[in-house]
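Input sequences plus hints: build the corresponding full structure.
Same order as they appear, the protein sequences are chains A and B.
Following the numbering used here, the numbering of the first sequence begins with 1 at its first residue and continues without gaps.
Following the numbering used here, the numbering of the second sequence begins with 1 at its first residue and continues without gaps.
These aren't lab readings, by the way, just hints derived from the structure by calculation.
Quick caveat: nothing in here was measured; it's all calculated off a predicted structure.
Please note that the accuracy of each hint is not assured.
Claimed, not checked - Pulled a few chain B residues facing chain A out of the computed Cβ check, cut under 7 Å: (1) V47; (2) T71; (3) A170; (4) I171; (5) P172; (6) V178; (7) L180; (8) M182; (9) F207; (10) V285; (11) V300.
Even for Gly, the Cβ is constructed at its ideal location relative to N, Cα and C.
Chain by chain, the residues run as shown.
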Amino acid sequence: MQSAVETSNTKLAAAQQRSKGMLARTAVRLWRHKLGKFGVFIISGIIFAAVLAPVVSPHDPTHVYYEAVLVPPSTQFPFGTDEIGRCILSRTIYGARVSLQIVFVAIVISLFVGSMIGLVAGYFGGWVDDVLMRIMEGLLSFPMIVLALAIIAVLGPSLSNAMIALAIVNTPGFARLIRGQVLSVKEMDYVLAARALGVSDFRIMWRHIWPSVGGNAIVYASLRGSAALITESALSFLGLGVQPPTPAWGYMVAVGMNYWSEWWMSFFPGLAIFFAVLGLNFFGDALRDAMDAKLQDN
Amino acid sequence: MDRRRSGPRFHHKSAGVPGPASNNFCDPTMHIYLIRRALQLIPTILVMSVVVFSLTLMLPGDAAFTVLGETATEQQRERWREEMGLNQSVPVQYLRWFSKALTGDLGLSIRSREPVVDMLAVRIPTTVELAVLSMLLAVAIGIPAGIMAAKFRNTWVDFAVSFLSMFSMAIPFFWLGVLLIMIFSVNFRWLPPSGYVSLVENPIQNFRLMILPAMTIGMSFAGLVMRQTRTAMLQILGEDYVRTARAKGLSELVVTVKHALRNAMIPITTVLGLQVGALLGGAVVTETIFSIPGLGRMIVEGIFERDFPVVQGAIIVIVLFILTVNIIVDLTYPYLDKRVKL
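Below, the structure written as structure tokens:
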């Protein structure tokens, strides 16, 4: 039996232990919750800068300052200048336009096409399902970058071909995801009822199945967005994506490799990629957690 | 995908689960399983071959002009087209190419006239070494960190690990590579920035040259490993059999490693296996940064030189490698969880 003093000491110690743990626990929980907002903040910031590029950039990204070649970061050129004398900050901001454009279009296309394939494969089943999914699995056996490189090799490097390559690379993932979802929804009562009523297949897929399944596609899209962005910048890094003089983040990092002492040339564009990917990741995670929470509520 | 869940499970040989009767490799039913897995790969390989073959479309316009130049006569160009089989229809060309590939003839490099398989033989070990080193590094960093995060959940350790893993998963690996060169090669001059020496020739120099490339890929990959380990460990540490092990009086270390981690390895290996493709994708770009003569650089250089046999050969090897790794990963499950029978 403990004395009164010992008991209260133990209680005090336990309380202190708890509050230490609680502080850390709260920090983790707040941090996780804040991440989504932070992600939205970053992405909105980048989109804002991209859309309002002419307004936000301090200089014209194509303007050559002959007397300011390879200048380190300064008040006039916050990110420094490149080997020709162009402002890197301005080029980075305009580069956001290019990257966001490519990634957005590519993901939207692959979401649309992939979902269609997944819906058809999952709904009709049988040999249609087999053939379509075999093709998708074949495409998925390639690493993303390698498949994108193969497509660029055939089509040639350009902005639109980069879009096409990324769209093709991401489509199988959507197809497989949606197909899986469709398989579980297909046998639900409301679908069976619709079929019994003689509703056309297309209408069933579009009005009845897709709404239950579309949420997952959106979450997957945001998660794939960041992977697509890294792939796109890897392509332009290799010189096989957007072609100069259009500013592209990956390409700018590659150019900086020729100028090792001029660290700002590679650093800032890469930092931009990093924040964009981070923002997309946070946003995607928050979206997924939100979807899970909704499912849990149901 | 059922067997990829961790936790207690009740498989019996009689439960109708398809697969070999035992996990012994000499068992004939294991051979049948392996053959069946190999046959399942056939559609995938067919699709892959079609994609790779379409690279022959890479040469735009009249290929003969591009390769032989303008000084060649029309006769020479016609003879070259015959040689290359470009006069036949596309499906015939595909069948010709495919049957040759099956016998190990992947053509000659357009630029150097060297057999593609010879080029591959030299480059495969290099890329494999890079991939293995990167994976080892990622696992060496990621798994302990993930375990720590799971054991000290909701403490600052957990917070730091989660923060680091987010950081690692967001960072563009090629940017990381450039930064590493800037810091370690240019600034401190500790390590050479590029180049390659084979492991057999000079192990120490090989290691010095491979550290930065392996760090580039490995550090980017470690974040995913950290996260996956943490998730798997969290799930398992709450299971009954862990509580039993603790109640038995086993030390925390034994409980964590021998019991919890062992079972956590199933989902972790699954994820690692699925990510081998991404790892090789990273290797492709990293080899270009560090001038390492591997499969990745073969592809990139081949694209720039419009040398499609070279690009085809390298891509085929990479995809076959990934498919093989997937099968090997599946084969390790019975060893990680004795209850699982392939």
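Against the structure, the hints come out as follows:
1. Nearest Cβ of chain A to the Cβ of B:V47: about 2 Å, under the 7 Å cut. The hint holds.
2. This hint is violated: B:T71 has a C-beta 26 Å from the nearest C-beta of chain A, more than the 7 Å allowed.
3. The interface hint given for B:A170 holds, since its Cβ lies 4 Å from the closest Cβ of chain A, which is under the 7 Å cut-off.
4. Hint on B:I171 holds. Least Cβ distance to chain A is approximately 5 Å, under the 7 Å limit.
5. Taking 7 Å as the C-beta cut-off, the interface hint given for B:P172 holds, the closest approach to chain A being about 5 Å.
6. A distance limit of 7 Å between C-beta atoms decides the matter here; for B:V178 the minimum to chain A is near 5 Å, and the interface restraint holds.
7. Because the beta carbon of B:L180 sits about 11 Å from the nearest beta carbon in chain A, more than 7 Å, this interface hint is broken.
8. Interface restraint check for B:M182: the shortest CB-CB distance to chain A comes to about 6 Å, inside 7 Å, so the restraint holds.
9. Hint status for B:F207: violated, given a least beta-carbon distance of 23 Å to chain A, over 7 Å.
10. The beta carbon of B:V285 is positioned within 7 Å of a beta carbon in chain A (closest approach about 5 Å), and the interface hint is therefore held.
11. With a least beta-carbon distance of about 6 Å to chain A, the hint placing B:V300 at the interface is held under the 7 Å criterion.
Checked against the numbered hints given earlier, the structure breaks hints 2, 7, 9 and satisfies all the rest.
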